[in-house]
Amino acid sequence: MTDSGTEKKRSLSVICSKGSFDMAYPGLILANAARMAGVDARLFFTFWGLDIVNKKKIDHLHLNLVGNPSAPIPAMIAGLPGVEALATVQMRKEMERLDIPPIREFVEMLDDAGADLYGCQMALDMFKLTKDDLVPQVKDVLTAMDFMDMSEGAQIIFI
Amino acid sequence: MSLEAVQTDPEGYLANSDDWSEELAKELATQMGIELTDEHWKVLNSARAIEAESGSSPGLRKISKRSETPIKSIYKLFPDGPAKLIAKIAGIPKPKSCL
Chain A
951 MTDSGTEKKR SLSVICSKGS FDMAYPGLIL ANAARMAGVD ARLFFTFWGL
1001 DIVNKKKIDH LHLNLVGNPS APIPAMIAGL PGVEALATVQ MRKEMERLDI
1051 PPIREFVEML DDAGADLYGC QMALDMFKLT KDDLVPQVKD VLTAMDFMDM
1101 SEGAQIIFI
Chain B
1163 MSLEAVQTDP EGYLANSDDW SEELAKELAT QMGIELTDEH WKVLNSARAI
1213 EAESGSSPGL RKISKRSETP IKSIYKLFPD GPAKLIAKIA GIPKPKSCL
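Keeping their order, the protein sequence lines are chains A and B.
Using this note's numbering, count along the first sequence one by one with no gaps and you end on 1109.
Using this note's numbering, count along the second sequence one by one with no gaps and you end on 1261.
Treat the hints as calculated values from the structure; they're not laboratory data.
Any given hint might turn out to be false.
[To be verified] Per label pair, the in silico range of CB-to-CB distance:
{"id": "1", "chain 1": "B", "residue 1": "1241", "chain 2": "A", "residue 2": "1017", "range": "42 to 52 Å"}
{"id": "2", "chain 1": "B", "residue 1": "1183", "chain 2": "A", "residue 2": "1041", "range": "18 to 28 Å"}
{"id": "3", "chain 1": "B", "residue 1": "1177", "chain 2": "A", "residue 2": "1035", "range": "20 to 30 Å"}
{"id": "4", "chain 1": "A", "residue 1": "1041", "chain 2": "B", "residue 2": "1167", "range": "27 to 37 Å"}
{"id": "5", "chain 1": "B", "residue 1": "1178", "chain 2": "A", "residue 2": "1039", "range": "41 to 51 Å"}
{"id": "6", "chain 1": "A", "residue 1": "1006", "chain 2": "B", "residue 2": "1180", "range": "47 to 57 Å"}
{"id": "7", "chain 1": "A", "residue 1": "1010", "chain 2": "B", "residue 2": "1184", "range": "16 to 26 Å"}
From the three backbone atoms N, C-alpha and C, an ideal C-beta is built for every residue, glycine too.
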């Protein structure tokens, strides 16, 4: 074991700023990997990232195809009504096959794993939301400065 | 094989799976500050079974499902990095899964 007692425990801060289905997963997966490896993890949901923990939106996040050069279909078609929804359904199916949990279950799993979830005060104000609009796993609502203080010595990932 | 004689890779995972025994698992766990109970064994045996069947060291989600032990409980049983601790004590390689 490497724990010498004097070594500071590793910790990870993930800032989730995007609310599309495909951009929700990286932050959740990284925070979960950290917890599985014994690294402390906290997540800060800001701007569109708030959608990931918004009660009304958590089950309805959409893939982002338009303006995404990696999209497997031409931009003109991607922009047609319903195409992103259809692609999202396809991706959900594929993820289910690989046993990757849906976002809501993933957020619950992170909470069970001891990761701390926080909402961004300014983003909530901007979208006229309160903490009650967020899933119960969100521990608190913070300012960016609070989150920085909390992240003292942590590795920070911005998504 | 005793704890002193057993070989591990640089990260602390068992180098030869044949070296593993229940006795060794107990010693490894004690070294990590864990006293193995039936609940621990349910988790460890599930991890070993999945690895034996699939040839791939499982992540926590698979172990949780197979052992019918909630994720939350697994973190209580193996605090401080359950995925790594389980693999080390169960004598299987570092997990290949991100979940």
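When you take the CB atoms of residue 1241 of chain B and residue 1017 of chain A, is the distance between them in 42 to 52 Å? Holds - the Cβ-Cβ distance for residue 1241 of chain B and residue 1017 of chain A, about 44 Å, lies within 42 to 52 Å.
Confirm or reject the claim that residue 1178 of chain B and residue 1039 of chain A have a C-beta distance inside 41 to 51 Å. holds (47 Å)
Satisfaction of the hinted span 18 to 28 Å by the C-beta atoms belonging to residue 1183 of chain B and residue 1041 of chain A: violated (44 Å)
For the hint 16 to 26 Å, verify it against the beta carbon of residue 1010 of chain A and that of residue 1184 of chain B. Between residue 1010 of chain A and residue 1184 of chain B, where Cβ atoms are some 48 Å apart, the hint is violated.
Are residue 1006 of chain A and residue 1180 of chain B spaced within 47 to 57 Å by their CB atoms? holds (54 Å)
Is 27 to 37 Å right for how far apart the beta carbons of residue 1041 of chain A and residue 1167 of chain B are? Violated, since residue 1041 of chain A and residue 1167 of chain B (Cβ atoms, about 50 Å apart) do not stay within the stated range.
I want to verify a distance hint. Is the separation of the beta carbons of residue 1177 of chain B and residue 1035 of chain A within 20 to 30 Å? At roughly 50 Å between Cβ atoms, residue 1035 of chain A and residue 1177 of chain B fall outside 20 to 30 Å, so the hint is violated.
Of the numbered hints listed earlier, those contradicted by the structure are 2, 3, 4, 7.
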